[in-house]
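Chemist: Sequence:
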Amino acid sequence: MKHLPEKKSGSHASLLIGLLAAAIVLMVLLKTCSTHVADEGGPRPSGGDTIDVAIEYGPLSLYRYDDTLGGFAYDFIRRLEAENDLPVKFHPVMTLAEALEGIDRGYYRMAVAAMPLSASLRRDYLSTVPVFLDRQVYVQMSGDSGRVEVKTQLDLACRTVHVMAGSPVVERLHNLSSEIGDTIYVVEDPDYGNEQLFILAATGEIPGAVVTERTAKALAGDYPDADISTAVSFTQFQSWLLGRNDTILLHRIDSLINAAQSKKYFKQLERRYF
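Taking the working numbering, the leading residue of the sequence shown gets 1, the next gets one more, and so forth.
Don't take every hint at face value.
Derived pair list, reagent style DSS-like, types lysine-lysine, alpha-carbon separation capped at 30 Å [claimed, not checked]:
id, residue 1, residue 2
1, Lys89, Lys263
2, Lys217, Lys89
3, Lys151, Lys267
4, Lys267, Lys89
5, Lys151, Lys89
6, Lys217, Lys263
7, Lys217, Lys151
Don't read these hints as lab results, they were simulated from the structure.
Kindly produce the complete structure, drawing on both the sequences and the hints.
Modeler: In structure tokens form, the structure reads like this:
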């Protein structure tokens with residue numbers, strides 16, 4: 001795996017320190033602000049009626065706003081929990097791969113992350129009805145006068161692109177490589193999620209990354225040199241994932257999502273986060 005350039009070790013170290021601090025704060029908040037959060041001893045099935053949910057740390061899923069927790073998925077699930085006698089325990093994760101491994105091992109029953117559905121995910125997991133729509137974009141640092149090197153998908157030929165490990169975006173990039181008739185070098189990063197990859201690409205620590213457009217838009221305001229104008233995929237369904245045998249829970253979650261999407265509070269969540 002290709003690591004970050006050593007010549008920028010100072011800014012890389014600053015990013016790692018910042019991420020560590022954010023993670024510590026998040027764990028403290030989760031420990032003190034909610035009774036529905038995993039213990040510090042590691043992921044363990046809760047048993048009973050409690051639904052263990054692996055939720056990605058990022059603007060669209062779970063995030064720290066000032067001194068409290070938020071995020072579209074977090075707020076939406078908490079509302080479903082409150083209205084439908086749906087006891088939930090959240091397990092924050094950094095990457096989709098971590099969440100899916102937890103489902104495979106029986107630690108979690110549902111994975112919530114900013115992720116498009118792909119053929120491989122549909123094959124290996126059950127997916128809920130679509131929660132919202134999104135697409136993938138290429139994140140890069142713009143040069144002088146807003147100049148960028150990647151303006152179209154064709155410009156990705158022979159370039160190195162970083163993505164979150166286990167992301168279905170890998171499948172899309174391999175297909176795109178075939179479509180343009182040239183190699184796209186895909187680096188699956190096991191340590192960073194969508195937010196961290198955006199920051200690394202927006203600050204020039206890595207040449208470029210592919211993340212969801214809604215995530216990129218949520219972060220772009222703080223990084224004026226970030227360019228997110230190049231789409232890598234069409235608009236895609238964004239769903240939550242469950243184990244292949246968890247059909248009863250799937251039907252329940254689907255019915256709750258379908259019912260909620262016509263309610264006023266769901267529209268308010270969309271306006272707030274999207």
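Chemist: If a hint holds in the structure, say so; if it doesn't, say that too.
Modeler: Now the hints, each set against the structure:
1. Our distance criterion of 30 Å between C-alpha atoms is met by Lys89 and Lys263, whose separation comes to about 24 Å.
2. Restraint check for Lys217 and Lys89: satisfied, since their Cα atoms lie roughly 28 Å apart, inside the 30 Å limit.
3. Between Lys151 and Lys267 the CA atoms are separated by roughly 33 Å; this puts the pair beyond 30 Å, and the hint is violated.
4. At roughly 25 Å between alpha-carbon atoms, Lys267 and Lys89 fall within 30 Å of each other, so this suggested pair holds.
5. Restraint check for Lys151 and Lys89: the C-alpha separation of about 42 Å exceeds 30 Å, so the hint is violated.
6. Annotation: proposed proximity of Lys217 to Lys263 holds, straight-line Cα distance about 25 Å (limit 30 Å).
7. A C-alpha spacing of about 18 Å is found between Lys217 and Lys151, which places the hinted pair at or below 30 Å, so the restraint holds.
Hint violations for this structure: numbers 3 and 5, all remaining hints satisfied.
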